[in-house]
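A.B. asks: The task is simple: from the sequences and hints, build the whole structure.
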Amino acid sequence: MTKTVRRSEQGKGARTRERIIDAAVLLLDADGEAGLTFRTLAMRLETGHGAIQWHFSTKGDLIAAAADVVVGRALTGAAPGAGAGAREAIRAVALAVYDVIGAHPWVGDQLARPPWAGAMLKIFERLGRQVVALGVPAEARFTATSALLIHIVGAGRQEAINSHSLQARTDRQDFLDDLAAHWGQLDAGEYAFTRTMADQLRGHDDRAEFLAGVDLVLAGIEHLEHAAAGHVPRPSTHARR
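Mapping of the sequence shown onto UniProt numbering: residues 1 to 241, in sequence order.
No lab work stands behind these hints, which were simulated from the structure alone.
Don't be surprised by glycine CBs; every beta carbon is placed ideally from N, CA and C.
Do not rely on the hints blindly, as some may be mistaken.
Stated by the list, open to error - Using C-beta positions, here's what the derived DEER-type ranges look like:
| hint | residue 1 | residue 2 | range |
| --- | --- | --- | --- |
| 1 | L216 | G85 | 41 to 51 Å |
| 2 | T37 | Y191 | 37 to 47 Å |
| 3 | I161 | T194 | 36 to 46 Å |
| 4 | L186 | T40 | 17 to 27 Å |
| 5 | H151 | Q200 | 11 to 21 Å |
| 6 | R73 | A208 | 19 to 29 Å |
| 7 | A192 | G85 | 36 to 46 Å |
C.D. replies: Okay, here's the thing in structure tokens:
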């Protein structure tokens, strides 16, 4: 009897915690971290502060838990097609994280905070398993996985910031046209390269560029794999003249 009551209480507590997180996500999506307070959340849930603080002692703990849940759901759905290899699995994880940060911009800020924990560790683990499946030598796995993680989270977060800023100001294409025109008029001596990128900036697709960056990192990782197998020439050890 006691065990049955305890399980019932645990189940009720888990449901309450889930309701708190779901309500917090809605507030974070609407108004960012500034819009989430225990008072506002208590009003939304029609409960008292104590019920919330029983599960989350601080606002930071709640945001971390919310990010963990949102990212966890995204990763659960990040399954490539049947028969897909490690490369496709990594791209699926990358797109899932990119999209979840785009849908919930506050998640990008949370993932960028040290130390790596919760949601960030989940992404690192998923990527790392596929890096191992690619055949990357053990001594290079941390670097390879970290490079993927930094690009995915960093690019996703920056794109979310850009999108939010554009929504408040102007149409995306108008913005890119104006920025490209500015690049084209930069000093030819000081910005010789940037001037040549104006047309590509004007017509680029954010999602395609993000995936191209993932593929660039993967190309470097695969180079490590081939080098470990002896398929890639290693730099000469002869002394330079």
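A.B. asks: Next, verify each hint and record whether it holds.
C.D. replies: Consistency of the hints with the structure:
no. : hint                    : verdict
1   : L216 / G85: 41 to 51 Å  : violated (18 Å)
2   : T37 / Y191: 37 to 47 Å  : holds (45 Å)
3   : I161 / T194: 36 to 46 Å : violated (21 Å)
4   : L186 / T40: 17 to 27 Å  : violated (46 Å)
5   : H151 / Q200: 11 to 21 Å : holds (19 Å)
6   : R73 / A208: 19 to 29 Å  : holds (25 Å)
7   : A192 / G85: 36 to 46 Å  : holds (41 Å)
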